[in-house]
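Novice: Sequence:
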Amino acid sequence: MSPTGEPVPSAHGLAEDLRISIARLSRRLRTLRPVPAAGAGAPGPLSLTQFAALAALERHRSMTPRELADHEKVQPPSMTRVIAFLEGRGLVERSPHPTDGRQVMLSATAAGRDLLAEERRRKEAWLSQRLGELTPDERAILREAAPILDKLSQA
Numbered sequence: 215m216s217p218t219g220e221p222v223p224s225a226h227g228l229a230e231d232l233r234i235s236i237a238r239l240s241r242r243l244r245t246l247r248p249v250p251a252a253g254a255g256a257p258g259p260l261s262l263t264q265f266a267a268l269a270a271l272e273r274h275r276s277m278t279p280r281e282l283a284d285h286e287k288v289q290p291p292s293m294t295r296v297i298a299f300l301e302g303r304g305l306v307e308r309s310p311h312p313t314d315g316r317q318v319m320l321s322a323t324a325a326g327r328d329l330l331a332e333e334r335r336r337k338e339a340w341l342s343q344r345l346g347e348l349t350p351d352e353r354a355i356l357r358e359a360a361p362i363l364d365k366l367s368q369a
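Numbering of the sequence shown is given in the numbering used here, commencing with residue 215 and proceeding in unit increments.
Mixed in with the good hints, there may be bad ones.
Keeping only pairs whose Cα atoms sit at most 27 Å apart, straight-line, the calculated DSS-like set for lysine-lysine is [claimed, not checked]:
1. LYS365 / LYS337
2. LYS287 / LYS337
3. LYS365 / LYS287
If you anchor each label on the Cβ, the simulated ranges turn out as follows [said to hold, decoys possible]:
4. ALA360 / ALA229: 13 to 23 Å
5. ALA339 / THR313: 34 to 44 Å
6. ARG280 / GLN343: 14 to 24 Å
7. ILE362 / LEU243: 35 to 45 Å
8. ARG280 / GLY346: 35 to 45 Å
9. ALA359 / PRO291: 37 to 47 Å
10. ALA298 / ARG344: 28 to 38 Å
Read the hints as simulated data drawn from the structure, not as lab findings.
Ideal Cβ positions, reconstructed from N, Cα and C, are used throughout, including at glycine.
Generate coordinates for the entire structure from the input sequences, incorporating the hints supplied.
Specialist: If you want it as structure tokens, here you go:
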């Protein structure tokens with residue numbers, strides 16, 4: 215029994231409950247992405263793969279295209295298309311590799327970092343509002359669960 219007197223779910227039951235809840239939350243956060251601008255040729259929002267690649271470059275400061283592909287677990291030709299798109303939007307820039315003249319380093323531009331910050335701000339504002347609707351006890355439980363969820367994501 216849990217401290218509240220309810221039965222403790224099995225690992226399998228908890229896995230199912232978490233999978234469903236996390237998928238719903240993730241889907242809801244994805245809906246907060248910017249709507250594409252109107253008009254032909256207007257750039258739309260980044261795909262999840264493009265956004266993840268840009269975020270990885272911001273987090274790691276700079277990476278080779280191969281390191282980025284490996285990090286994001288995609289094939290190099292697919293990452294080449296992602297990089298070309300991001301570079302075309304002015305979100306990523308190339309610079310010479312410090313020790314290998316055959317390679318380049320990729321990094322997020324100021325515009326790329328600004329775009330990431332705005333998307334994070336929008337999602338955190340929505341999440342903060344939803345958290346504000348919970349009881350203090352519910353928020354305390356989530357505060358304790360956050361590092362555990364992070365640990366699961368690193369496995």
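Novice: For ARG280 and GLY346, compare the CB-CB distance with the range 35 to 45 Å and indicate the outcome.
Specialist: With Cβ atoms ~44 Å apart, the hint holds.
Novice: In this structure, is the beta-carbon distance linking ARG280 and GLN343 contained in 14 to 24 Å?
Specialist: Violated, at about 41 Å.
Novice: Should the hint that ILE362 and LEU243 are 35 to 45 Å apart at their CB atoms be regarded as holding?
Specialist: With a Cβ separation near 19 Å, ILE362 and LEU243 fall outside 35 to 45 Å, so the hint is violated.
Novice: Starting from the range 37 to 47 Å, see whether the pair ALA359 and PRO291 falls in it by beta-carbon distance.
Specialist: Hint holds: Cβ distance 39 Å, inside 37 to 47 Å.
Novice: Can you let me know if the beta-carbon spacing of ALA360 and ALA229 is within 13 to 23 Å?
Specialist: Given range 13 to 23 Å: holds, Cβ gap about 18 Å.
Novice: State, for the Cβ atoms of ALA339 and THR313, whether the hinted interval 34 to 44 Å holds or is violated.
Specialist: Cβ of ALA339 to Cβ of THR313: about 42 Å, so the range 34 to 44 Å holds.
Novice: Could one say that the CB atoms of ALA298 and ARG344 fall in the range 28 to 38 Å?
Specialist: With Cβ atoms ~37 Å apart, the hint holds.
Novice: Hinted pair, alpha-carbon criterion (27 Å max): LYS365, LYS337. Please report holds or violated.
Specialist: Given pair LYS365, LYS337 holds - Cα atoms ~21 Å apart, limit 27 Å.
Novice: Check the hint pairing LYS365 with LYS287 against an upper bound of 27 Å on the C-alpha distance.
Specialist: Answer holds: LYS365 to LYS287 is near 20 Å, not above 27 Å.
Novice: Need the status of pair LYS287, LYS337: alpha-carbon distance at most 27 Å?
Specialist: The hint holds at about 25 Å.
Violation of the numbered hints given earlier is confined to hints 6 and 7; the remaining hints are satisfied by the structure.
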